[in-house]
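Peer 1: Protein chains in written order, with the working numbering: chain A, 1 to 74; chain B, 1 to 283; chain C, 1 to 385.
Fair warning: there could be bad hints in the mix.
Unchecked claim - With a straight-line Cα cutoff of 27 Å, these simulated DSSO-like cross-link-like pairs (lysine-lysine) come out:
{"id": "1", "chain 1": "A", "residue 1": "Lys-66", "chain 2": "B", "residue 2": "Lys-223"}
{"id": "2", "chain 1": "B", "residue 1": "Lys-281", "chain 2": "C", "residue 2": "Lys-2"}
{"id": "3", "chain 1": "B", "residue 1": "Lys-255", "chain 2": "B", "residue 2": "Lys-223"}
What the hints contain is simulated information worked out from the structure, not anything from laboratory work.
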Amino acid sequence: MEITIIKEYCKGCGYCIEYCPKKVYGKSKIMNKKGYLVPEVIDLEKCSECGLCDLYCPEFAIILEKGEGKHERN
Amino acid sequence: MTAMAKETPLVHPLVNQYLRPERMPHLACPGCGIGQVVHCTLNAVAELGLTPLNTVWVQGVGCSSRLSYALWKGDSIDAHHGRIFAVATGLKMCRPELNYILFTGDGDCASIGGNHFIHACRRNLDVVAIMFNNGIYGMTGGQVAPTTPLGASTTTTPHGNFEAPFDLCKVAEAAGASYVARWRAIDFKPLTHSIKKGIRIKGLAFIEVLLPCATNFGRYVLKTGDPGKVQKWINDRVVTLKKAESMSPEELKDKVLIGEFVERERPGVVESYQSLLKRLKEV
Amino acid sequence: MKGTKTGTFFVQGDEAIAEGAIAAGCRYFAGYPITPAQEIAEILAQRMPEIGGVCMQMEDELASIHSVGGASCAGFKAMTASSGPGISLKLEGLGWGIKNELPYVVVDIQRAGPSNGVATSVAQGDFYTVRYGSAGGNHALIALSPKSVQEAFDLTIECFNLAEIFRCPVFLLCDETVGHTREKLVIPDPSKIKIVERKKPAVPPEQFVLYPLDDDSVINYPFPSVGEGYSICVSPYTHTSKGYPSTEKVDQDKMARRLTNKIMKNVDKLTRVEKKYLEDAEVAVIAYGASARPALAAVEKARGNGMKVGFLRPIIVWPFPDEEIYSVAERVNFILVPELNTDGQMVREVARAAKGKAEVYHLGSGGVETHLPDEIWGEIRRLKK
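Please build the complete structure, drawing on both the sequences and the hints.
Peer 2: Quick look at the structure:
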């Protein structure tokens with residue numbers, strides 16, 4: 001499983017943080033070019049690959065690829 | 001690091017396959033549910049095997065429509081405010097073999113486009129119409145819409161809305177649409193399922209989607225700019241059809257029902273006209 | 001063209017227009033019932049399905065013109081027809097067709113106005129409406145006006161051809177007199193009718209530019225339809241050559257110049273007038289449509305009485321034939337423009353094009369009936385004194 005956050009698409013709405021049932025995401029201090037504070041993965045191990053973050057993101061900024069192991073890509 | 005910098009920017013696989021990556025990020029405000037609905041639409045399109053070659057997106061004017069314009073990798077027809085059903089009638093009657101997905105808003109569909117919407121349902125035009133209901137005119141800055149609740153404060157009803165809203169799903173049902181449903185943008189599975197059904201069913205599929213507008217509805221009506229709070233306001237007002245069965249009329253008074261209201265596949269204008277042409281040929 | 005009804009007939013102008021559309025290859029019509037244009041819809045409702053076309057009665061005038069735009073995007077030659085307030089409504093949709101360079105035809109059977117006026121009677125109040133009525137400006141427009149039933153047929157075909165060549169909506173500016181008068185109509189064999197077909201791109205989608213904004217005068221430009229793999233982007237907003245929305249001044253300017261210049265820089269291909277008795281004329285009468293035949297009769301009466309009067313009739317009324325008018329104005333003392341309106345419409349264009357070389361006078365009337373030749377002849381005599 002690999003989680004990718006496309007920072008430049010993010011608009012800081014916080015849906016991924018709010019709706020992740022396992023609380024994998026949290027707010028970061030990283031700001032993208034448009035000035036939005038993007039989320040970050042705070043606990044990758046908790047991820048159950050439900051895919052809700054991928055679905056909930058209105059900006060297509062999160063890609064969850066299911067598979068072996070647990071990775072994070074920036 | 002140099003090699004990585006020269007790579008094309010990473011895009012979501014759905015964006016790569018069905019949208020124009022150069023048009024991303026799209027225009028919606030932070031927290032706007034329109035992106036989620038587009039995501040559900042792309043899921044439905046992918047699951048049914050539709051392609052940019054055989055599917056046309058038609059949209060109107062407003063947040064709902066501006067987002068989807070020139071976003072779809074295939075043909076993208078953006079009509080005047082309220083006229084998508086009329087344009088789609090011309091398109092579908094001439095090229096009935098293509099699939100048409102229409103995106104409209106509460107102002108575009110219920111207000112200026114009301115007449116065309118009613119007649120498209122009457123004709124049971126074989127298209128899918130997804131209406132984004134955020135209860136306000138978003139793009140023009142927060143004016144009252146035909147779906148804005150009574151008493152709400154907007155830029156054109158600063159003393160409170162003195163007109164009652166109406167239920168578009170009931171209008172679609174009365175006018176004759178084959179399939180009518182209402183969901184929230186966050187109801188991913190049922191919404192994707194409805195869009196898939198809408199594409200497959202013969203006749204007009206009208207899917208109303210309730211979604212939060214923090215920028216205008218939130219600010220003017222609910223006095224908050226937090227999309228999460230606007231979403232919560234929506235969540236508190238919706239009731240599924242199943243749950244509504246066990247509720248009294250008083251309990252249902254200010255609630256909005258979500259679910260599939262109508263499913264009655266029957267031929268529409270395209271089929272009627274095709275059989276008319278066939279009949280004349282045989283004479 | 002399959003479906004062309006070759007033969008000799010005695011029909012109304014409206015029917016000639018319907019048959020002209022079919023002969024030109026029109027296979028989509030959408031309209032809303034309105035006097036005096038509804039005969040076009042009624043005849044096409046009968047004929048279109050018989051030849052595999054589509055004829056729709058839409059819920060209103062706006063839906064009609066927008067569905068015609070949609071049909072054009074779907075690759076069909078399409079037409080709508082109306083009159084009076086119906087044309088006013090259609091002007092909203094016309095802007096969409098102009099901006100996106102969609103080929104289609106709009107028929108205006110002018111009737112007495114303003115507002116509902118006299119539905120069953122003639123006038124010529126829409127001369128400026130069709131040209132400037134669609135808000136926003138930044139475009140030119142092509143309009144043709146027939147004087148007879150035969151011309152109604154011929155010019156309808158010409159409208160469709162020009163729509164394809166210039167990739168734009170074209171008006172047939174007709175009127176209730178021509179629309180409802182019955183006259184002889186000869187429809188030739190299809191092989192003798194010149195038709196311009198929709199041009200399709202010769203290059204693959206990656207190389208094709210949908211809106212040639214960098215060349216403001218190119219015509220005969222391809223227009224692919226939906227479902228052909230060209231991923232066309234059609235929008236009411238100002239857009240780039242690709243069709244993507246833009247708010248840049250440079251894109252707005254390019255687009256505005258193209259929409260104006262593709263017609264105005266090709267005016268030489270859009271000049272068509274009828275001229276009679278102008279070689280030695282001292283006075284000229286300029287009229288179009290329903291006013292043309294009474295005007296010509298008056299001119300011939302004047303000639304019979306020894307007056308040197310000439311006649312000119314614009315057939316393509318927009319773009320206005322400035323050079324033809326100027327060459328007449330240089331030679332004559334004054335020009336009389338009989339028109340069925342009281343506010344003076346074509347007379348203003350004549351005065352502008354004359355550039356002060358001759359006096360220009362208006363013989364106006366609210367409509368309902370055309371001018372009588374004697375009225376025009378009387379006015380010529382009065383002005384000569």
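Peer 1: Does the alpha-carbon distance linking A:Lys-66 and B:Lys-223 stay inside the 27 Å limit?
Peer 2: Violated, because 40 Å separates the two Cα atoms, which is more than 27 Å.
Peer 1: Given the hint that B:Lys-255 pairs with B:Lys-223, does the C-alpha gap stay at or below 27 Å?
Peer 2: With a Cα-Cα distance of about 21 Å, the restraint between B:Lys-255 and B:Lys-223 holds, given a limit of 27 Å.
Peer 1: B:Lys-281 and C:Lys-2: Cα distance at most 27 Å?
Peer 2: This hinted pair holds, its Cα atoms lying about 14 Å apart.
When the structure is compared with the earlier hints, a violation turns up for hint 1 alone.
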